[in-house]
Amino acid sequence: DAGVIQSPRHEVTEMGQEVTLRCKLISGHNSLFWYRQTMMRGLELLIYFNNNVPIDDSGMPEDRFSAKMPNASFSTLKIQPSEPRDSAVYFCASSYATITMTRPEQFFGPGTRLTVL
Amino acid sequence: AQSVTQLGSHVSVSEGALVLLRCNYSSSVPPYLFWYVQYPNQGLQLLLKYTSAATLVKGINGFEAEFKKSETSFHLTKPSAHMSDAAEYFCAVSDRYGNKLVFGAGTILRVKS
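Residue numbers (this note's numbering), protein chains in the order written: chain U, 26 to 142; chain E, 513 to 625.
These aren't lab readings, by the way, just hints derived from the structure by calculation. Glycine included, each C-beta is placed from N, C-alpha and C at the ideal position. What you were told as hints is all true, and nothing was included just to trick you.
Sample of chain U residues facing chain E (criterion: CB under 8 Å; computed from the structure):
1. 68
2. 80
3. 122
4. 131
5. 133
6. 136
With a straight-line cut-off of 30 Å between C-alpha atoms, the simulated DSS-like cross-links for lysine-lysine are:
7. E:581 <-> E:570
8. U:93 <-> E:612
9. U:103 <-> E:612
10. U:103 <-> U:49
11. E:612 <-> U:49
12. E:612 <-> E:570
13. E:580 <-> E:612
14. U:103 <-> U:93
15. U:49 <-> U:93
With the rest of the complex left out, here is chain U (with noise of 0.2 Å):
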């Protein structure tokens, strides 16, 4: 089975540009979920959607940040205009959950390196 899929693994762009990073979840998963990597902060999840559904966006920075499920098994997190410091690791994560059978692992995948200049 395929794990997490994220593209770009790296991306190097100027501030003021966007970026879009996208995400596929792990098949029959139907969680979802965004995390940045940083030394001053460690791991901080930014958002995560259940079943398309954005279910908590109170780790996104600002305005700047927006994240979108398309369809079930695809998302996109977008930055626009980005700032260096949104320089980060930008992970994705998926797994699967529902009320009454719930299995709380979430599988990573191997992440995007993002450098604003």
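Please arrange chain E on chain U, whose structure you already have, making use of the hints.
Just chain E now, with coordinates in the frame of chain U:
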């Protein structure tokens, strides 16, 4: 609210020695606890999880962790360190449905030959 504290940002052990990585949690509900490992330039990989069944949890690569409610701890151990264990280890706590994982700051394990 849930939180995790990992004691020691860096731990160094000799090959063959006991590995002990410490994790204490705070949770207002019965916790689900996890240990993840991250190798350089890779994503996080689940080592083991505690979900209110057995308090001693065995994971991959010879690691295990013991849930101690009285001490609010979930320390990770391995009897004999291997060079390939060198990585960063994260303890995490989630709510019952795994909807939000809160991670500790991580512990970098160095294994000396």
